[in-house]
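S.K.: Sequence:
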Amino acid sequence: MLTPVILAGGIGMRLWPLSRRHYPKQFLPLAGETSLLQQTLARLEGLATASPVVVAHQDHRFLVAEQLRQQDFEDATLLLEPEGRDTAPAIAVAALAASAQGDDPVLLVLPSDHLIDDRMAFQASVGRAMALAERGWLVTFGVTPTHAETGYGYLQRGAPVGDEGGYRVRRFVEKPDRETAQTYLDSGEFLWNSGMFVFRASRYLAALEQRQPAMLGACRRAFAGAYADLDFLRLDAEAFAACPANSIDYAVMETTDDAAMVTLEAGWSDVGSWSALWEHQAHDAHGNVLRGDVIVEDSHNNLVHADSRLVTMLGVDDLVIVETSDALLITRRDRVQAVKQIVAQLQAAGRREPIEHPRVYRPWGHYQAIDAGPRYQVKRIHVAPGARLSRQMHHHRAEHWVVVSGIARVSIGDKTFLVGENQSTYIPVGQVHVLENPGIMPLELIEVQSGTYLGEDDIVRFDDRYGRA
1 MLTPVILAGG IGMRLWPLSR RHYPKQFLPL AGETSLLQQT LARLEGLATA
51 SPVVVAHQDH RFLVAEQLRQ QDFEDATLLL EPEGRDTAPA IAVAALAASA
101 QGDDPVLLVL PSDHLIDDRM AFQASVGRAM ALAERGWLVT FGVTPTHAET
151 GYGYLQRGAP VGDEGGYRVR RFVEKPDRET AQTYLDSGEF LWNSGMFVFR
201 ASRYLAALEQ RQPAMLGACR RAFAGAYADL DFLRLDAEAF AACPANSIDY
251 AVMETTDDAA MVTLEAGWSD VGSWSALWEH QAHDAHGNVL RGDVIVEDSH
301 NNLVHADSRL VTMLGVDDLV IVETSDALLI TRRDRVQAVK QIVAQLQAAG
351 RREPIEHPRV YRPWGHYQAI DAGPRYQVKR IHVAPGARLS RQMHHHRAEH
401 WVVVSGIARV SIGDKTFLVG ENQSTYIPVG QVHVLENPGI MPLELIEVQS
451 GTYLGEDDIV RFDDRYGRA
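The sequence shown begins at 1 in full-length UniProt numbering and counts up one residue at a time.
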């Protein structure tokens, strides 16, 4: 039986402006109605697996928990990293957690932000990899290349291994230039490096002990000091911060003599850029990939994502246009790998657009800014059925709530009352209050804040069912 290890700690800034630090790409429905994380979980159906171990950043804990709940994976072990230290430490703490639950499990390590079209082909490759892993190999998946891609690392195929259709990995190669990538494609010896792995927990930990003893020691201390917080397991922050940051490829796979690979032909993509997403999606008759409210005339081979308004195109080709309520990206498809340079400029300027998504998710639901100006701010608030915000107060702002749909239970001071559709209430500055959805349908309301300071840090929480007080 396999233990899935889902790596959900990335930030995916090459898919800005949709992917942002507080709401990265693995939580977005970029290709279908469910998120990339949820599609990764669904890919396990039909495999004999134990409950997964999911490694995520602590800032995303409620996002991960809700998406797991929607996929009926509420029994997963959810490990929270206080900060990202790359894939080698993340897999190490997951291996320690999985080993604590059973005898030396075989781990299936999957990034949470990949697309795979053919689940049956994927599972067949997993079966071959598992057979090799049970014999002690550290196995990765090499994707048969379809073109000279410069955005992926490569694996050079070595001698065959065993009867499972596996091969030794002769070498790992970093992302090449165009000419080198074409040489790799023409040779037939090179495959794309998928970043997915299968191995026994003990074999990975032993390899890390040999090559990165300081890293493993820090991971052991971080896991030993972990503590439960609601349904999460928080790693010891000080110990994990002392862990060297490194990828599994650099830390283990490139130097071990036990690296093997199986081929994967399943329509794989790591969705590492907007052009990769364009290649992976269904096109219209003119080669366009369109999502949202988009009208196109005499335009070809474009990707357009309209999030909040109408986008029109006339007489343009080979563009990527991504629109959100607070940002607009326009670039040629052959320049999308440089999106991270735009993000770097925004970060250097201290802007919020690389960090915060227009829709902000909380454990009770989400809210979205509608308008703002001097001394006022307007938000649309969605409270999930049965959810309750913290008991809180604000020093600098008053709030007006207008219920659009559903029913709200409101407590202000020592009074509690219901507010229905088309009704409103007012919370004065400094007044302790609680908002709750007692119904079975979502609660939608408009909140108008007014005051001298409207920052999110002007919240004093007195009690909170989500442990934030």
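These are calculated hints, taken from the structure and not from any lab test. A hint or two may mislead.
[What the hints assert, rightly or not] Think about it this way: if two alpha-carbon atoms lie no more than 20 Å apart in a straight line, the pair counts; the simulated EDC-like pairs of lysine to aspartate or glutamate are: (1) 340 <-> 353; (2) 175 <-> 163; (3) 379 <-> 297; (4) 379 <-> 326; (5) 379 <-> 317; (6) 379 <-> 456; (7) 175 <-> 186; (8) 175 <-> 209; (9) 175 <-> 86; (10) 415 <-> 436; (11) 340 <-> 117; (12) 340 <-> 436; (13) 175 <-> 72; (14) 379 <-> 421; (15) 415 <-> 464; (16) 175 <-> 164; (17) 379 <-> 457; (18) 175 <-> 279; (19) 340 <-> 177; (20) 415 <-> 456; (21) 379 <-> 399; (22) 340 <-> 457; (23) 379 <-> 414.
[What the hints assert, rightly or not] Between beta-carbon pairs, the in silico distance windows are: (24) 418 <-> 360: 50 to 56 Å; (25) 102 <-> 284: 33 to 39 Å; (26) 70 <-> 438: 20 to 26 Å; (27) 284 <-> 325: 35 to 41 Å; (28) 175 <-> 465: 32 to 38 Å.
Each residue gets a CB set at the ideal place from its N, CA and C atoms; glycine is no exception.
S.K.: Given the hinted pair residue 175 and residue 209, is their Cα-Cα distance within 20 Å?
M.R.: Not OK: residue 175 and residue 209 at ~28 Å, beyond 20 Å, violated.
S.K.: Please verify whether residue 379 and residue 399 have alpha carbons no more than 20 Å apart.
M.R.: Holds. Residue 379 to residue 399 sits at ~11 Å (cutoff 20 Å).
S.K.: Verify the CB-CB distance for residue 418 and residue 360 against the hinted window 50 to 56 Å.
M.R.: Check failed, 26 Å falls outside 50 to 56 Å.
S.K.: When you take the CB atoms of residue 70 and residue 438, is the distance between them in 20 to 26 Å?
M.R.: This hint holds: roughly 22 Å between Cβ atoms.
S.K.: Going straight from one Cα to the other, do residue 415 and residue 456 come out at no more than 20 Å?
M.R.: violated, 25 Å
S.K.: Given the hint that residue 379 pairs with residue 421, test it: the Cα-Cα distance must not exceed 20 Å.
M.R.: Distance of about 17 Å is within 20 Å: holds.
S.K.: Checking one constraint from the list: CA of residue 340 to CA of residue 353, max 20 Å. Satisfied?
M.R.: holds, 13 Å
S.K.: Taking 20 Å as the top limit, are the C-alpha atoms of residue 379 and residue 317 close enough?
M.R.: violated, 37 Å
S.K.: Tell me if the straight-line CA distance from residue 340 to residue 177 falls inside 20 Å.
M.R.: It holds: about 18 Å lies between the C-alpha atoms, which stays within 20 Å.
S.K.: Is it true that the CA of residue 175 sits at most 20 Å from the CA of residue 279?
M.R.: holds, 19 Å
S.K.: CA of residue 175 to CA of residue 186, is that 20 Å or under?
M.R.: Holds, because 16 Å separates the two Cα atoms, which is no more than 20 Å.
S.K.: What's the verdict on residue 379 and residue 414, does the C-alpha distance respect the 20 Å limit or exceed it?
M.R.: Between residue 379 and residue 414 the Cα gap is close to 26 Å, so the pair fails against 20 Å, i.e. violated.
Of the numbered hints stated above, those contradicted by the structure are hints 2, 3, 5, 8, 11, 12, 13, 16, 20, 22, 23, 24, 25, 27 and 28, listed in ascending order.
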